[in-house]
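**Student:** Residues per chain, in single letters:
2 protein chains.
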Amino acid sequence: MASLDRIDRRILMELQQDGRITNAELAQRVGLPPTSMSDRMRRLQKQGYIKGFKAVLDPEQIGLGLLVFIEVSLDKTTPDNFQKFASAVRKQPEVLECHMVAGGFDYLVKARLHDMARYRVFLSEVLLSLPGVKETRSYPVIEEVKDEGILPL
Amino acid sequence: MASLDRIDRRILMELQQDGRITNAELAQRVGLPPTSMSDRMRRLQKQGYIKGFKAVLDPEQIGLGLLVFIEVSLDKTTPDNFQKFASAVRKQPEVLECHMVAGGFDYLVKARLHDMARYRVFLSEVLLSLPGVKETRSYPVIEEVKDEGILPL
DNA sequence: ATTGAAATCACTCATGG
DNA sequence: CCATGAGTGATTTCAAT
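Line by line, the protein sequences are chains S and U. Residue 66 in UniProt numbering is what sits at position 66 of the first sequence, and the numbering runs on without skipping anything. Residue 30 in UniProt numbering is what sits at position 30 of the second sequence, and the numbering runs on without skipping anything.
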């Protein structure tokens with residue numbers, strides 16, 4: 001149905017590193033005529049390999065210097081708390097990611113805040129005030145060792 | 001020196017949602033002449049607000065259906081293990097993120113793999129074989145509730 | 001900071017091999 | 001899948017207000 005050849009992988013890799021590369025330049029890099037390049041781009045988007053393009057901002061520069069991970073445990077007695085929690089957390093702009101996990105807790109939340117003072121407010125007013133939240137553990141990030149959004153191909 | 005006005009914020013928001021929007025279209029949306037738009041774009045990049053642009057791929061589609069978070073504890077007796085660990089982990093393509101955290105463990109690693117079989121190999125051959133790694137705890141993701149790379153402005 | 005005009009560049013779409 | 005050319009639209013640069 002939809003398998004990727006070597007050239008497709010090259011294209012996706014280049015686009016992950018520079019999402020604004022022009023069709024002509026990209027075609028030249030992978031050794032394809034520009035018109036064939038356009039075809040592949042359209043196909044890769046239509047088949048769902050490429051979900052979109054976005055600018056990558058510097059969190060520090062826009063005043064979001066604090067990165068925090070929070071482990072959240074829910075009260076298991078009422079199962080629809082899971083839905084409520086999920087839908088509430090999706091609306092919070094400070095929450096960049098939220099994943100339901102298997103293991104010692106229920107959700108892992110990744111959030112960016114201005115500083116610890118704002119985080120304290122966020123934790124008590126937002127996270128802890130959601131229904132069914134039993135317990136949270138916070139892990140402030142000391143150093144971001146690696147953070148690319150580049151998937152291996 | 002470098003503060004953001006309302007229009008800058010609009011621009012950054014639009015670019016986070018569509019990194020391939022044309023200068024003309026973006027100018028129209030925020031109500032600016034195209035040439036002024038170009039100026040702002042250049043300034044926002046030069047000042048470091050915009051670090052770059054990238055394509056967002058679908059992990060499932062390219063065969064990376066398993067998302068795992070791993071808590072890593074290091075042996076604290078030899079401090080340069082931290083550097084060794086960090087530099088080794090930066091080279092692993094499966095590792096999308098790695099953060100040094102404050103709290104009950106030392107590093108939080110986010111990795112995407114094909115499946116559990118590949119993860120088992122990755123855990124034993126890569127993570128556990130790094131010098132100084134004392135203990136790891138793995139949390140496979142059951143459901144990705146939220147995962148945008150969009151920073152609030 | 002905006003406007004306008006001109007030159008360059010890139011993309012698309014048609015044809016074809 | 002590749003090549004070519006015409007037509008369209010975008011970007012950049014320059015000037016001027």
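Hints are not guaranteed to be accurate.
The list treats identical chains as interchangeable, and a pair is accepted whether it falls inside one copy or across any two copies.
Unchecked claim - List time: in silico EDC-like cross-link candidates among lysine to aspartate or glutamate, alpha-carbon distance up to 20 Å: (1) Lys91 - Glu14; (2) Lys51 - Asp80; (3) Lys76 - Glu148; (4) Lys46 - Asp5; (5) Lys84 - Glu144; (6) Lys91 - Glu25; (7) Lys51 - Glu148; (8) Lys91 - Glu125; (9) Lys84 - Asp115; (10) Lys91 - Glu143; (11) Lys84 - Glu25.
Everything labelled a hint here was simulated from the structure, so no lab data went into it.
**Student:** Check each numbered hint against the structure and report the violated ones by number, ascending.
**Tutor:** Violated: hints 2, 3, 6, 9 and 11.
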